[in-house]
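> Now for the letters of each chain:
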Amino acid sequence: MMLRSSRATSTLEAGSPPGDDVLPGASRPSSSRPRTRRAKAGATAHGAEGVGTIERRRIPLRSRLRRDWPLLLLVLPALLQLAFFFYLPSAFSVIAFMDYSPYRPFWENPIIGFTYFQMLFQDPYFVSALINTLQFAGAQLLFVFPFSIMLALVVHGIMSTVLRSTFQSIVYLPYFFSWVLVVTIFLQVLGQDGLLSRWLVGIGAERLQIMNDPDTFMLLAWMQWTWKDAGWGMIIFLAALAAINPSLYEAAAADGANRWQRLWHITLPGIRPVIVLLLILQLGGILTVGFEQYQLQRQAVGWGTAEVLDTFVYYRTILASNGESIGTAAGLFKGVIGLLLILAANNVAHRLGEQGVYQRS
Amino acid sequence: MANDVKTSALRRRTVLRTGLLGSVCAAGLPLLSGCGEISGGEGSVQTLNAELDILPEYVEWPLPTQPDLVGEPPDHPSAYLTYPSPVPKAVPEPHGGSGTYRVYVPNWGPAMAKDDPYYDAMAEAMGGTRIEFVQNDPNAYTEASVQWIKAQEFGDAILLFSWMTGADANFDQTVVNRFANLSEVLAGDISQRWPLLAGRGDAAWAASVWAADPENPAETSGIYGIPWTLNGGPGNGFFYRADLLREAGLEVPTTVEELLEVARAWTDDPAGRWAIGGTDYMSRAWFRLAPGSGWIWDGSAMVHNNERSEFAEWVAFQRQIREEGLVHPSVGTPEFDGKALQRAGQVLLDQDGWARWTDMPAQVAATGENPDFDLDVLGPLTFEGREPMYHGAGGVAGWLFLSNQLEKEQIEEILDVANWCAAPSGTVEAEMITYGIEGEHFERGDDGRPQFTEAGIAAKQDSFAFTAMSGMVQNLLEGPAEMVQRRFDFHASVLPVLVKDQFENARVTAPAGASEAGTVFDEKVNDIISGRAELSSLEDAVAAWKADGGDATRAVYDEVRKTLEGQ
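Taken in order, these protein sequences are the chains called A and B.
Per the working numbering: the first sequence ends with 382, consecutive numbering throughout.
Per the working numbering: the second sequence ends with 591, consecutive numbering throughout.
Read the hints as simulated data drawn from the structure, not as lab findings.
Keep in mind that a hint or two might mislead.
Which chain A residues stay away from chain B? Per the calculated CB distances, all over 10 Å, these [what the hints assert, rightly or not]:
# : residue
1 : 78
2 : 92
3 : 105
4 : 122
5 : 217
6 : 365
If you only want the chain B side, here are some residues facing chain A, beta carbon under 10 Å, derived [as the list claims (entries may be wrong)]:
#  : residue
7  : 170
8  : 171
9  : 190
10 : 191
11 : 192
12 : 193
13 : 197
14 : 293
15 : 296
16 : 354
17 : 358
18 : 543
19 : 554
20 : 557
These stretches of chain A come out as covered by chain B in the derived footprint (C-beta under 8 Å, 3 or more residues) [to be verified]:
#  : region
21 : 163 to 169
22 : 209 to 216
Even glycine gets a Cβ: it sits at the ideal position worked out from N, Cα and C.
Could you put the whole structure together from the sequences, leaning on the hints where they help?
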């Protein structure tokens with residue numbers, strides 16, 4: 022009994038989701054709470070406060086700078102990089118509201134308001150590109166994202182280190198292939214003149230049409246996403262799985278939990294914060310499903326099937342007059358939708374008790 | 025020298041006149057309440073037909089070796105059957121220079137190492153100036169170059185083929201804002217310093233003029249590019265494997281109907297053989313569609329290919345050859361490599377530029393892979409007994425644009441290089457540009473002609489570098505005597521049916537929306553050809569194209585016609 026009890030105590034502490042420092046303390050030993058609070062208080066007030074009290078004192082900026090300058094210096098390169106390569110270029114999004122020409126000084130470009138946005142939304146082909154994009158994004162979310170989790174669970178369950186690392190390498194290496202290579206490999210294997218088609222012709226059957234059939238393009242796209250990206254998604258989940266304390270499994274096994282119960286009560290809750298985080302980030306990029314994959318197969322399956330927002334922007338803006346402004350308008354639209362989705366999903370995550378992409382203030 | 029090519033001729037000693045056709049063009053976009061106005065979008069045109077005196081004065085540059093076959097340049101170039109010996113120098117005393125310049129070019133062949141001794145040899149031969157080429161993947165070059173140029177990230181110069189300029193909807197603006205105006209150094213008599221450039225002729229230089237202000241061409245026109253090859257004669261060829269056709273006991277087709285019969289007889293899907301490769305740009309002439317812009321004045325109205333009944337026939341033909349499985353399945357995908365497939369005998373007929381006719385047999389002969397290999401070109405095919413037509417190439421094929429950040433002396437130094445590189449076939453300069461260094465990249469055959477060594481094939485053949493610096497002073501056919509004779513004869517045979525773009529002497533910027541409407545229309549046609557949409561949907565596609573930009577463009581071309589006709 023003593024052994025069981027001590028195991029349960031230690032695993033509960035170890036199993037706390039990272040950053041969740043205010044766990045419901047019903048089953049937690051009382052000694053754990055002050056320790057946690059001390060740590061938090063110490064971070065703000067050098068631990069000067071008494072045990073069990075949280076008192077936030079405002080420290081003057083100069084003192085904080087004197088105290089934290091090595092840390093600030095450490096993050097300075099990252100801040101500069103963000104400033105120059107993200108925030109400064111983002112400021113130029115204002116050209117979406119300008120009658121912009123690269124051939125006159127920036128400040129001489131007249132502001133014209135939302136004209137380009139209206140042009141964009143009134144374009145009949147924009148709507149179909151948007152619908153296609155949402156379909157592809159939905160399919161990625163429903164059929165690729167869970168696949169990565171399943172793959173991670175399978176790999177996590179492999180005991181042999183050699184087999185595990187070999188399988189892991191094979192599965193995630195395609196992530197580093199360019200889309201040109203991926204589509205070429207698919208053509209070589211599944212194309213009308215590919216390996217499988219030649220074999221089929223050899224046995225008197227018809228050639229495969231999957232590479233140029235618009236009706237089955239979603240299936241083809243899914244195969245390509247899965248082959249290329251699912252392995253990479255798996256790596257992130259594997260990292261999360263590795264963070265789960267093995268003694269939790271030992272304790273559960275000792276308590277008689279079977280494989281499925283351990284999966285349901287330990288594994289999935291253990292990686293839940295990562296799942297939620299990635300899900301939110303994926304929602305944020307819902308209108309960015311990629312460019313090359315669709316562009317490369319556009320001719321084969323037709324523009325009606327393969328036109329997504331990024332290819333729309335390419336053909337209707339970058340290669341057309343007034344390209345910079347209307348292209349930026351399309352990019353801003355995507356960004357705003359992505360931001361709203363992230364905020365909404367994060368809010369839902371907070372309501373469900375998850376941390377989301379950032380903590381609630 | 026009679027030239028009965030059906031095109032509006034460029035008058036000698038004429039230069040560019042620019043006409044702004046804003047008044048006749050559709051206002052670009054409907055203005056929306058609460059929103060500001062977008063400037064431009066009206067469309068404009070510049071025509072080669074006025075009296076500005078900014079061109080270099082034409083001074084004939086006499087060829088050092090007279091051609092064996094004399095044609096009617098530029099549509100029927102003269103030719104060498106024998107290689108000159110000794111090989112003459114076109115520029116015996118190059119103007120010295122010490123600068124180093126970076127030039128952006130597309131490159132289909134091998135990319136030579138930057139420190140290859142070839143570049144040292146070229147710098148020495150040209151008088152000291154060193155050119156470093158930034159060779160790019162040609163597939164992405166067209167679109168990527170639009171952004172490079174706008175961002176002024178193209179080194180000291182960039183080569184753009186004329187067909188590439190359509191990727192930038194406002195190319196006329198780009199030219200005058202990003203490239204150097206060369207008029208100051210090129211106007212007048214330049215035959216002392218740049219005799220080969222002076223011998224290029226008015227047609228090449230006039231096609232290199234843009235106006236900074238289209239409303240005031242008289243005062244703002246300038247030469248903004250060094251003209252590349254001056255086009256002439258049949259633009260491209262539809263090549264066939266004559267040996268495979270003979271082997272199959274089939275006759276050379278002369279009509280579209282015969283072509284279909286030959287294709288049906290030769291295609292063997294299970295054996296991996298499809299008769300037809302690429303046909304899109306060559307087959308249009310078989311249906312008597314117009315080349316280039318696609319606009320023609322039919323005597324009573326301005327009409328575009330898209331709206332003609334012949335276009336519907338062409339679409340039906342393209343759909344038919346795919347439905348019948350006569351086209352190689354990879355046509356239209358990035359995988360399609362017509363050269364390799366035709367060489368391997370998996371494709372019987374394929375379209376390409378003229379280099380294929382000389383290069384592929386030479387490459388096959390060099391490897392000895394197929395002693396029977398015989399590549400020939402089809403003449404103009406006819407459809408339903410109509411008159412034959414062959415599309416001719418006109419204007420200049422491209423320009424080397426110099427950066428407007430260069431100083432006058434630097435521009436002059438680059439023009440020295442361009443003058444050197446304008447040397448015609450059969451000169452030491454052309455040999456070094458095309459074949460490299462004797463003894464390393466090429467050796468002489470029994471007939472004295474350069475032939476690539478293995479090192480030349482690996483490093484130099486098809487590599488696009490100094491070729492970019494200028495078009496040749498005169499285009500001449502050169503190569504193995506038999507091939508030259510065949511090509512010379514072919515050019516002569518199609519001359520009577522050669523048709524060029526009626527508006528080749530006009531540089532038209534389409535009104536706003538027209539470019540997008542054209543892209544959408546092409547996508548719809550592609551759907552029909554591939555069987556993804558019904559043939560009957562073409563009518564709706566044409567109606568949408570007219571409404572979205574086709575009719576607005578028609579008005580622009582109608583004004584161009586009036587301008588060209590002097591109305």
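> Does the CB of residue 554 (chain B) sit less than 10 Å away from some CB of chain A?
Since chain A brings a Cβ to about 7 Å from residue 554 (chain B), closer than 10 Å, the hint holds.
> Hint residue 191 (chain B) vs chain A: min CB-CB distance below 10 Å?
With a closest approach of 6 Å, the residue 191 (chain B) hint holds.
> Does residue 192 (chain B) meet its interface restraint, that is, does its C-beta lie within less than 10 Å of any C-beta in chain A?
Nearest chain A Cβ about 8 Å off; hint holds.
> Report holds or violated for the interface hint on residue 557 (chain B), using the least CB-CB distance to chain A and a cut-off of 10 Å.
With Cβ-Cβ at 8 Å, under 10 Å, it holds.
> Does residue 170 (chain B) hold up as a contact with chain A if the rule is Cβ-Cβ below 10 Å?
Holds - the Cβ of residue 170 (chain B) comes within 10 Å of chain A, reaching about 8 Å at its closest.
> Using Cβ atoms only, decide whether residue 354 (chain B) comes closer than 10 Å to chain A, and label the hint accordingly.
Holds, because the Cβ-Cβ distance from residue 354 (chain B) to chain A comes to roughly 6 Å (cut-off 10 Å).
> Classify the label on residue 105 (chain A) as holds or violated, using whether its beta-carbon is more than 10 Å from each beta-carbon of chain B.
About 17 Å separates residue 105 (chain A) from the closest Cβ of chain B, which puts it past 10 Å; holds.
> Against chain B, does residue 365 (chain A) keep a CB gap of more than 10 Å to every residue?
Residue 365 (chain A) clear of chain B: closest Cβ-Cβ about 28 Å, beyond 10 Å.
> Hint check: is the beta carbon of residue 543 (chain B) less than 10 Å from a beta carbon of chain A?
Holds: closest Cβ of chain A sits about 6 Å from residue 543 (chain B), inside 10 Å.
> Go through the hint on residue 190 (chain B) and say holds or violated, using the shortest Cβ distance to chain A against 10 Å.
holds (9 Å)
> Could you check that no beta carbon of chain B comes within 10 Å of the beta carbon of residue 78 (chain A)?
holds (52 Å)
> Let me know if the C-beta of residue 197 (chain B) comes in closer than 10 Å to any C-beta of chain A, holds or violated.
holds (6 Å)
In this structure, the earlier hints numbered 4, 21 are contradicted, and the remaining ones agree with it.
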